[in-house]
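Engineer: Turn these sequences into a full structure, and let the hints steer you where they fit.
Protein chains in written order, with full-length UniProt numbering: chain V, 1 to 259; chain G, 1 to 371.
Worth double-checking, as some hints may not be accurate.
Claimed, not checked - Between beta-carbon pairs, the in silico distance windows are:
1) Gln299/G with Asn184/V: 35 to 43 Å
2) Asp48/V with Ser311/G: 48 to 56 Å
3) Ala46/G with Asn259/V: 58 to 66 Å
4) Pro221/V with His110/G: 31 to 39 Å
5) Gly117/V with Ala46/G: 36 to 44 Å
6) Pro182/V with Ala283/G: 38 to 46 Å
7) Arg210/G with Ser126/V: 38 to 46 Å
8) Val230/G with Ser126/V: 54 to 62 Å
9) Thr85/V with Pro310/G: 48 to 56 Å
Read the hints as simulated data drawn from the structure, not as lab findings.
No residue lacks a Cβ here, since even glycine has one placed at the ideal position from N, Cα and C.
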Amino acid sequence: MKNRIFSALAVALLTTAVLSGCKKDGDSSEPTVGTVAFEVENMVGAKDVALDGTAYATASGETFTVTTLKYYLSNIKFSKADGSTYAAPGEYHLVDAAKPSSTSFTVSNVPVGNYTGVSFVVGVDSTTTKGDPLALAGDLNPANNMYWVWATGHIFLKLEGTVTSTNPAKALTCHIGGYRAPYNAIVTASPSLGGATLPVQANHAPTIRLAANVLKIFDGPTPIALSTFPTAMAPSAASVQVANNYAAGMFTVKQVAAN
Amino acid sequence: MHFRRLIGSQVYWQQAALVWAGVALLGASSCEPGRPTAQAAVPGTAQPANFPKMVYELAKNQPNAATFALGRQLFYDTRLSSSGTVSCGSCHQQSRAFTDGQALAVGVGHRLSTRNAPTLQNMRWRRGFMADGGVLGLELQALAPLTSAVEMNTPLATALAKLNADPDYRRQFAAIYGPREIDTPQFLRALAQFTAALTSANSRYDHYVRHEAGGTLTAPELRGRALFVVKCAGCHATDLFTDESFRNNGLDRAFPHDSGRAHITSHPTDAGRFKVPSLRNVARTAPYMHDGRFATLPQVLAHYAHGVQPSPTLDPLLRQPSGRLGIVLSAQQQVDLLTFLNTLTDSAFLANPQLAPPQPPGLATAFRAPK
Numbered sequence: 001m002k003n004r005i006f007s008a009l010a011v012a013l014l015t016t017a018v019l020s021g022c023k024k025d026g027d028s029s030e031p032t033v034g035t036v037a038f039e040v041e042n043m044v045g046a047k048d049v050a051l052d053g054t055a056y057a058t059a060s061g062e063t064f065t066v067t068t069l070k071y072y073l074s075n076i077k078f079s080k081a082d083g084s085t086y087a088a089p090g091e092y093h094l095v096d097a098a099k100p101s102s103t104s105f106t107v108s109n110v111p112v113g114n115y116t117g118v119s120f121v122v123g124v125d126s127t128t129t130k131g132d133p134l135a136l137a138g139d140l141n142p143a144n145n146m147y148w149v150w151a152t153g154h155i156f157l158k159l160e161g162t163v164t165s166t167n168p169a170k171a172l173t174c175h176i177g178g179y180r181a182p183y184n185a186i187v188t189a190s191p192s193l194g195g196a197t198l199p200v201q202a203n204h205a206p207t208i209r210l211a212a213n214v215l216k217i218f219d220g221p222t223p224i225a226l227s228t229f230p231t232a233m234a235p236s237a238a239s240v241q242v243a244n245n246y247a248a249g250m251f252t253v254k255q256v257a258a259n
Numbered sequence: 001m002h003f004r005r006l007i008g009s010q011v012y013w014q015q016a017a018l019v020w021a022g023v024a025l026l027g028a029s030s031c032e033p034g035r036p037t038a039q040a041a042v043p044g045t046a047q048p049a050n051f052p053k054m055v056y057e058l059a060k061n062q063p064n065a066a067t068f069a070l071g072r073q074l075f076y077d078t079r080l081s082s083s084g085t086v087s088c089g090s091c092h093q094q095s096r097a098f099t100d101g102q103a104l105a106v107g108v109g110h111r112l113s114t115r116n117a118p119t120l121q122n123m124r125w126r127r128g129f130m131a132d133g134g135v136l137g138l139e140l141q142a143l144a145p146l147t148s149a150v151e152m153n154t155p156l157a158t159a160l161a162k163l164n165a166d167p168d169y170r171r172q173f174a175a176i177y178g179p180r181e182i183d184t185p186q187f188l189r190a191l192a193q194f195t196a197a198l199t200s201a202n203s204r205y206d207h208y209v210r211h212e213a214g215g216t217l218t219a220p221e222l223r224g225r226a227l228f229v230v231k232c233a234g235c236h237a238t239d240l241f242t243d244e245s246f247r248n249n250g251l252d253r254a255f256p257h258d259s260g261r262a263h264i265t266s267h268p269t270d271a272g273r274f275k276v277p278s279l280r281n282v283a284r285t286a287p288y289m290h291d292g293r294f295a296t297l298p299q300v301l302a303h304y305a306h307g308v309q310p311s312p313t314l315d316p317l318l319r320q321p322s323g324r325l326g327i328v329l330s331a332q333q334q335v336d337l338l339t340f341l342n343t344l345t346d347s348a349f350l351a352n353p354q355l356a357p358p359q360p361p362g363l364a365t366a367f368r369a370p371k
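Structural biologist: What follows is the structure, encoded as C-alpha cells:
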C-alpha cells in the first residue's frame, strides 16, 4: 500500500519535472518582456511635499499643512499608438509620502514594444478590495491603515493635515474610498506622456517619472474650498468629487527616461 | 518569482500538509482503526442535511485540528485588546450562543458599542456580516471588533506585532503556515477556523425535521411551528431561520443614530433596514434587536403584534392588506410561538467543550485529582 502511494508521488514528481522541462524549451527564444520603473515625486504645487508642518497655499489662497499623504496606484496599463494595450496584472502599490522606498516601484513582464500611453487606477479595484483576504498582504495589508473594515474596502487616498487659513484652524481629514454606486470613487488617471515613447526592451528598463500634485486634489473639475470641506471618512458625494479631481490632474509625467 | 511565491504561500504548505496527513493517515489506519481524521477533530465541519449549501466551503480554509486549536486560542486571548482584558469571547460567550447578555456590547474601558453583540453560529452559511452587512467575508469579520475603538481597540499592525513577539504563537503559526512572519492572511484564516466551526444544528427541532432519535415535538410546539411557518418564516426562512436579507421591522419611525444598511449603501431606501437574525438558540440570546432594546422574547412578539412603527422603508411583510401594521398574533398564538422557539436551543452546541475557552497548558495537571 505505502509503496503504491510513493510510486504515485514519484510519478507526480516526474511528470512535474518533465512538464516544467517542456516549458523551458518553449522559452528558449529571445525574451519578449521587459520592465518599466515608476518614480513618484509627491509635491504641493512646485515644491516637494514636507510632512513637517510647512504651510502651503491653494490657488484661492487657503493655507494648509500635510501630515499624511498615502494613496494606491494599481491596475497599470500601457497603450500603443495602434490602440492596443497591455494591462499589468497584480500591481498594487501603496505610495506613502513618509516612506521614500514606497515612491518607486517596477512593473515587470511588460511585452516589449514602444508604448505611447500609460494609465492607472488611483485606488484599488473592487474585485480585489472586497476579495479573498489572502490578497490582503504586502501593500494591500489592512495593517497599513488604508482599510475600512466596516465597509470592506481599501481607502484609496488619505490626506491628513490642518487647514490653517480658517479661524480657528481645523483638521484636514480626507479619506477617499468606496466602490458602491452612487459613491464609487474608483478612478483612473491617464497622464499624458507628452508625445514621448516608452521603449520597453528586454535589456532596458525605462523609467516614468511622475509628479503627484496635492493641490489638484481640491482643484479640478469640482474646485473644493478647504474652509467648507467636510471631514471625509466614508464614501460620499464629496469624496467622489475629490476622486474625480485627483484623477483629472494630480498626476503628470515629468519625464520618460529610456535608460 | 512565481515559484518562490508558491513555495512561500499557504496553499503550498496546506497541500504539503494534506499530502503528508493523507500518507500518515493511510499508514496509521491499518494499525489504529477508528482513529479520528484531522477534519473530524474539528467540530462543525459537516453539512447538516436540513441546511442550505455552505457558503464558506471547507476547501476555502481546510479545517485541521492544529489551525482550529490556534483559532480557538486567538478567539479567547484577551491580550489582543488594548487593555488586555477583552477577547472575542468576552462578548461572544458560548453558553449564550456566543452573545453577552448585554443590550450593547461592552469593550475596553467599559466603552459601549452602538449595537447588540450578535450570535456567532452557522457562520459558514453567511454571506454578509454585521447588522448592516458591511463586512463581506468571515475571515475579514474579525478585524471589525479587533480594531474598533469601542471594542478591542487594537490596530491590526499592533495585533500582528504582539503575535510575532510571542514564541508560542510563532511556533504554532510556523507549524501551519511555514516559518515566516505572522501576517494578516495567516491571522485571519486561523481565527476563522474557530468561528467557522460554530455550527449549531442539533436542537430538538433539528432532530425532528431530520427524523432522528430524540426528535419529538409536543402538540403545543407543533402548533407553534405551524404558526411560525405562516407568520415568521417569510423573513426567518430555511432551517438557518434567516433569509439573510435586510429589513426594517418597524422599531422606530426614523433612524437618525443608526441607519443600518443605509450606512453601507448610502441609499435612503435602506434606512432602518437591518440583517434578519437567525433564531437558532434564540431563547439564550437576550436581549434582542440590533440595539438590544427588548429584554425578553415575549416583548419581541408583543412588538410584532402591536408595536410596529410606520416609516417609508417599513418592510412590506409588516403591512397587512387591511393597512394594519405588524403581524396578527393572538396572546395564545404568542405563547405557542414561544414554545416552538424553545425547541431551537441546541444544548450540545452551547456546552461543546471543544468550543469553550482552552485550558492553559499545565492546568490539567494542576487540577489532577489527588491520589
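Engineer: Compare the structure with each hint and give your call.
Structural biologist: Verification of the hints:
The hinted range of 35 to 43 Å is satisfied by Gln299/G and Asn184/V, whose Cβ atoms lie roughly 41 Å apart. Between Asp48/V and Ser311/G the beta carbons are some 53 Å apart, a value that agrees with the proposed interval 48 to 56 Å. Look at Ala46/G against Asn259/V: about 59 Å separates their beta carbons, and that is inside 58 to 66 Å. The hinted range of 31 to 39 Å is not satisfied by Pro221/V and His110/G, whose Cβ atoms lie roughly 48 Å apart.
A C-beta distance of roughly 54 Å is found between Gly117/V and Ala46/G, which places it outside the suggested range of 36 to 44 Å. At about 42 Å, the beta-carbon gap between Pro182/V and Ala283/G stays in the expected band of 38 to 46 Å. At about 40 Å, the beta-carbon gap between Arg210/G and Ser126/V stays in the expected band of 38 to 46 Å. Distance hint for Val230/G and Ser126/V: a CB-CB separation of about 40 Å, inconsistent with the stated range 54 to 62 Å.
Thr85/V and Pro310/G have their C-beta atoms about 54 Å apart, which keeps the hinted 48 to 56 Å range intact.
Checked against the numbered hints above, the structure violates hints 4, 5 and 8; every other hint is satisfied.
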